[in-house]
Amino acid sequence: MSMKKLLTVFRRGACILFLILFFVPGALLQAQEKVVSGSVLDPSGNPLPGVQVVVKGTNKGVVTDAAGNFRISVPGADAVLQFKFLGYQEQEVQVGEQAQVNITMKEKVEELDQVVVVGYGVQKRSDVTGSVASVSGDKLTKLPVAGIDQALQGMAAGVNIIPTSGRPGSGVDIQIRGITSINGTNPLVIIDGVSRDINALSRLNPDDIASIEVLKDASSAAIYGASGGNGVILITTKKGQSGEIKTSFNSYMGSEEVIKKLDMMNSQQWLELLEEMSTSTAPITTRPDTFKTYDWQDIVFKKAYTRNYDLSFNGGNERSSFLLSASYNKQEGIIKKTDNQRFTMRLNSDHSLRYFKISENISYTNNIRKGFEDWEYLGYYQNIVAKTLQMVPYLPPYDANGKWLINQYGGGPNPMVELDMKNRTTKNDNIDGNFAITIEPVKGLSYVSRFSVGAGIGDIKDFRDIYYASATDNRQQNELFQSLSRSYSWNFQNIVTYQLTLDMHNITLMGGSEAFRYWGYDLNGTRVDFSNTIPELLYMSMSENDTLDKQAIEGSGYEGRGYRYFGRLNYDFKGKYLLTVNVSRDYATNFGPANRAGTFPSFSLGWKFSEEEFIKNLNIFSFGKIRVGYGETGANARSGFPYATNIIFPARLKYSFDNQVSLIGAGPEQVANPGIKWETVKMTNVGLDVNFFDNKLSLTIEYFNKENKDMLMYQQVPFVAGTFAQSNPEVNIGSIRNRGFEVTAGYKSLVGDLKYGVDINFSVVRNKILALATDSILAGAAHNVSPITLTRIGGSVSDYYGYKTNGMFTEQDLGYSKGKLVITNQPFTINSKGDTIYAQPDARPGDVRYVDLNGDGKITEKDKTILGSPLPKFTYSFSINLEYKGFDLSMMFYGSYGNKLFNGTKQYLYYSQGNGNRLAVFANRYKDEKIKQDMVVVKENHNTNIPRFAASNYTRPSDFFIEDGSYLRLRNIQLGYSLPANVCKSIGVDRLRIYVGGKNLLTFTKYQAFNPEVSSGSGGGLTALGIDYGTYPATKMYLVGLNLQF
Amino acid sequence: MKKYHSIIIVFLLTALAGCKEDFLDIRPIAAINSETFYTTQKAGEQAVTAIYSQLNNVAFDKDLIMAVDVVSDDAEAGGEYVNEVPSYENFNRMVPLTTQGELENVYGTLFAIVYFSNVAIEKLPAIKQIDKNADPKVIDRLLGEAKFMRALAYSYLTKYFGGVPLVDHVLSADEYYLPKAELKDLYAFMEQDLKDAIMVLPERSAYGPENIGRASKGAARALMARNLLFESSYARYYPGDDRFKGMTERWDEALKYAEDVINSGEYTLPGINGERYSTWRSPSTNGYRYVFTSNGDNTEGIFEIQDIVDGLGWAQARGNAITQYISARRYLDENGNPQNTDYWGLDLPTWSLINEFEPGDPRLRSGIAWDGSGDSIEIKGGKRYPISYDKSVTGTYCTKYECSAAEFKDINGPWHSAPINIKLIRYAEVLLIAAEAAMMNGQNDKALNYINMVRKRARMCGPAGNTVPADLTGTVTLENIIHERRVELYQEGHRYYDLVRWNKAKQYLNHLTHDGYQVIYESPKHDFLPLPQKEINANPNLKQYPGW
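So the protein sequences, as listed, match chains A and B.
Under our numbering, the residue at position 390 of the first sequence is numbered 390, and the numbers go up by one with no gaps.
Under our numbering, the residue at position 21 of the second sequence is numbered 1067, and the numbers go up by one with no gaps.
Just so you know, the hints here were simulated from the structure itself, not pulled from any lab data.
There's no promise every hint is true.
[As the list claims (entries may be wrong)] Below are the DSSO-like pairs computed for lysine-lysine, each with C-alpha atoms no more than 27 angstroms apart in a straight line:
1. B:LYS1437 - A:LYS833
2. A:LYS124 - A:LYS616
3. A:LYS862 - B:LYS1580
4. A:LYS302 - A:LYS261
5. A:LYS461 - A:LYS330
6. B:LYS1492 - B:LYS1241
7. A:LYS106 - A:LYS885
8. A:LYS84 - A:LYS330
9. A:LYS818 - B:LYS1437
10. A:LYS246 - A:LYS139
11. A:LYS862 - A:LYS142
12. A:LYS709 - B:LYS1580
Everything numeric in this text was worked out from a predicted model, so none of it was measured.
Could you build the full structure based on these sequences and the hints that come with them?
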């Protein structure tokens, strides 16, 4: 059936449904009113004030008073009362003939009976046989982060989140169970059942989230077939609750600053270095002791303020409920012109009638980013942080006239020039809508049809004005760059679920189809010469330059389509033996006609051994389950057409037939591989879930083995293919294995009025390259050191690769060779003429001693070795939650252990090119005395372990720059106080909590540069991990906030 | 319950109903794909331009010509000291490593030419049908050019590497791993391409000046003659050798194709009547030297690598690399102190080559300088200075590829952007092919006539009244041909493979280098260059020659 026909069927179906709804009589029998009263107690027998008591199916409700008592009138004996209170299980009581209803609330037992969202459906937590981590929305809202992506860090074992930079609004790299592919690790993001791009995570208001589920293994992710290979993040937004309309208002304000500053040289130390570098025989004219020292980190880094407001309304009756929310978040950057602000609105509603339910989610996000973009922090050369650190210490930013001061001794630019001149605004508007009809014609059978759309508008305006800072740092002609982009998508799903119980057999069958299309385009251009630069006049029409070659206009577009059929069987026997089988058949335009389809199966088995009599008799476990699963998924299908060959017109295909002009030549961009297909990820998962002590202690241990079999790579093929000086074809040859285990443990209990809970998670992943289409991949660069990393078969992704060092040469290593004083205490060879050739022939005392690993008497490429891995040996987090009377305290620590980092900051702050400033420790480098015109301009310093200033010491990749990147960080701490219920009542609110807290307040690490959390984005993707350029520094934040419900 | 069954069925059908496969049939957006691009004459022209463009690959020309020149007894690797450029010294000593970049560059670029030719040959015929405005004659000509270029690439591949894989179409992923082909099949393949090209290509004069660098009928015939000369030589001098099995002596045909070129009236030898030319070098440049200081505008060039300075960056530069590599490295400044010229002075002519010239042959001074020859060189700034030999291990330099400073060094061109065309086929070679083929065919008159045309031009390049080289008389011998080819075509990449085809390499190439290294020529090992190691690694079906 074509899409068009399918839509027609859907439209007809919808019409019929509305007709049925219209004619179904909404009979509500009028019955005799009666009054019921009662009291509500907590599990320890104390009265519980503030409990919502609602007559089911109406919006009539009351709240218990300070003594836990209530009084309510009900329609009759049939009426059912619902008791709701945060942190307790919801209870229902049929009134019947009772006039007094006394009830004891039960603590919510975490997880077991909780329903978790899985692909295209839900399942009871205790029945899950795959690996699914859940995070409830309450937990997330305790974190003062603008985006849900950052909040996830440490929340689930095996889910590793690394912020791209500390800049407000910057993205994150998400790795679920290791690095599955060098082509990307981003998981599939599903919001309310519909797949959205990864950026949708940062568009969400965290306050709107009801729960997040992470499908970690292939047996649970295989239902998403070709898109599930990197794991799946399922996000469910909050729904309205029946009852009278409740208003909730949350807000916090915070102040941010850099966690750490680097200790830089003062002006005197810097000038001494200048003297050391100088070849002039005269000392530098200005005397160093006359110079002040300015701390440029203090000049550029500032205190930044954050404000966040969430306002939401929810309510409804038995038939209809809604949630309407709006939020505003404004986060200043600790560097000028890096602010980010976001406004969101959401309307979620549900309307049900007998067999039918109509649901709708619609959200709008507006995001405005001012100034710098993320990529401007990720390279060394554009990086404003690198410029700040290297700015000469003797200058303040401006002179008395407010003009930028420029280093008279050469060296880097004044960073304030770029900071002052940046005038860019990036705006994004996104609307996502999601409309669903659920039909339950008969018990056990449900049918969901969901149609969703997404639309986005991107808008960039960048005005680059004329300025003059110096002969090399200026702009003579102003220009305006504007860019507009639009993106669209739709997604149509139809899912049938049938649940059947036959004797001791429980069967759930689910099947369905999904089709999607996404497309978009952009248009951007530049014009120059704007005489009037007030913002209102910065439009293309105001350009005074009509010259055609001064106008640039560009644009592009893209489209992708696909569909899938999927099915799932859940079977359990006696509620003890569980089986899940998933299969997905995917079709997509990413690949050539021969490989457009792929089938992705999975199965998993579970045994709830705690249900067995002989286990029950042991009286050890309150719950126990063993799970085993296997599945196949696909990964890293890109939009575009990698199977087809693009035709390109590069200069290297030009030729001149007349020795005058070159004609344009055209040819295939690369040798195409029509056989290209999805990467196939195969994963086995074994898990054990056990609870002890009446479910107070829960423990999950999981082991997984994940192998990407068909990783996409460029392969060196024979030149007969035509590949000389041309791109090689992309093939499915690489293979990466990730193996590991995860432990998640939680304990919660109460002692008197003190409720406490501890959660720990711990995860180990071992990454190993099993196959590559090339011998190895060398990558990574930090200023003037390259390559830094090696990815090779048998190793793990992105190992550091370089020379081992063994301290420094000293005077003791000197000796005479051919009458010259040279370093003789080092390896050497003897050439054909009988001369001794030393491994480091130009070495002097104060130079790094590189290790001649292969013992051939030379320092060559062959002496390079693996110097460690940027991948952690394990990551862990633990959180503590305490509640006492109205007080609550929560803390979350996150740590990483055993990972190494390449300290690129050290590299360029010891040996940058030019006269920029250096780290203060470098003042203690090995120095020889230097005298100019009877003045000691460089003092001798031989008693040190820091090598002398020389290129050979600082431009080779070596273990000199490799540092332990382990850290433990207090991600979040919060101390709150909730007003007692009676006080709340007296001021007319349901709940009022105020809190103070902080983010990243403590970091324990030996790492020397700004931040041990280094994103994979710095310098070459996933084969160049852990190279720290000194990107936008991480920040700590102090905040105060309030939660209010009425 | 029953009534629900139908509902369930309807739902299931709806849920499982999908899309037709054509839902996925979308075309690439905002990019031209190989399926949609080749539909216009313009696209066809651009596809053919891309074939030629490979000739300008970084350093391809110097690796094609200098590497094999250094292997021969005509030149030493050079450098300021022995082994300054190890890869060249390895060639010089006939011990190149299979991993040397020169091998990859020549092999890879030639197969890139084959690839781009195959793309054009596959796409051009359809363009004739699709593009209503296409000129069928132009399409045919473009097809002829592509076939010429494919044959040219194979001509060098077979000469240098022997029986390489035969690639007659754009390979798909499962076809990359081709074994070697028989030489006779490769020669037959080239012959067919060249016959097709001769049919459709216009003569050089029929191209306007804007297309003078394209393959012409004359170029295709000349290449055919050269190939036939090789085929005949292999058959003649390697009887019973399996490598050349199925090849026959076809001297008459070689003569015929060479004479087609000679009789076409398209080409002459500049300077044969004593003409002098005004060039950057001198207002009265002799004819032989003029050929190497001029581009497509001389009447001797049959097929040249077009080289221009176009200001493009390193990998894109469209000029030659030989000038930079080969021109004299040192000069004497105003005070008589040696200074660097900014050229590298590699591929130094040997004294054995200098001694081959008959005393007074003007061709010697037209392309070789030695300590005492009194030559000067133009370096940056346009001024000429005496060449200094203080860093030349042989005391010689090649001056054939010098180029005007104003067009190259003064404008800071990248090292491989010298604007002098590299003459791959020139008229003098065709005359010598004709002479050799006629001699082998027993037509001594013709042989004498053709060899003497070359000698006459050489003679006329000298000062008035010059008598050397004098016309040959009597019977032309192979020794005459060997001598004439050496002194006429030196430093142009011919000598080594001439010696191989005559099966005389062992006789000439077992020699001492200037520093006393004994070069040992082993046959069959040295008859062809080793295949690049990278190619052997990438293709399990391709076997390296024994001994490498």
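Handout entry: Agreement of A:LYS84 and A:LYS330 with the hint, judged by alpha carbon distance not exceeding 27 angstroms
Key = Violated, at roughly 34 angstroms.
Problem - Agreement of A:LYS106 and A:LYS885 with the hint, judged by alpha carbon distance not exceeding 27 angstroms - result: 17 angstroms, holds
Problem - Hinted pair A:LYS862 and A:LYS142, Cα distance within 27 angstroms - result: Distance of about 53 angstroms is beyond 27 angstroms: violated.
Handout entry: Agreement of A:LYS709 and B:LYS1580 with the hint, judged by alpha carbon distance not exceeding 27 angstroms
Key = 25 angstroms, holds
Practice task
Would you mind confirming whether the straight-line C-alpha gap from A:LYS461 to A:LYS330 stays at or under 27 angstroms?
Solution key: 20 angstroms, holds
Exercise for the section: Would you check the hint for B:LYS1437 and A:LYS833, treating anything up to 27 angstroms between C-alpha atoms as holding? Expected result: 20 angstroms, holds
Problem - Proposed proximity, B:LYS1580 with A:LYS862 (alpha carbon, max 27 angstroms) - result: Holds, because 19 angstroms separates the two Cα atoms, which is no more than 27 angstroms.
Handout entry: Pair hint outcome, A:LYS124 versus A:LYS616 [Cα-Cα no greater than 27 angstroms]
Key = It holds: about 21 angstroms lies between the C-alpha atoms, which stays within 27 angstroms.
Exercise for the section: Could you grab the alpha-carbon distance between A:LYS302 and A:LYS261 and see if it respects the 27 angstroms cut-off? Expected result: Judged against 27 angstroms, a Cα distance of about 12 angstroms means the pair holds.
Exercise for the section: Mind checking the alpha carbons of B:LYS1492 and B:LYS1241 for me, to see if they're no more than 27 angstroms apart? Expected result: Cα-Cα ~25 angstroms, so holds.
Problem - Restraint status (C-alpha distance of A:LYS246 to A:LYS139 at most 27 angstroms) - result: 21 angstroms, holds
Problem - Hint consistency between A:LYS818 and B:LYS1437 [alpha-carbon to alpha-carbon, up to 27 angstroms] - result: 25 angstroms, holds
Comparing the model with each numbered hint stated earlier shows that hints 8 and 11 do not hold.
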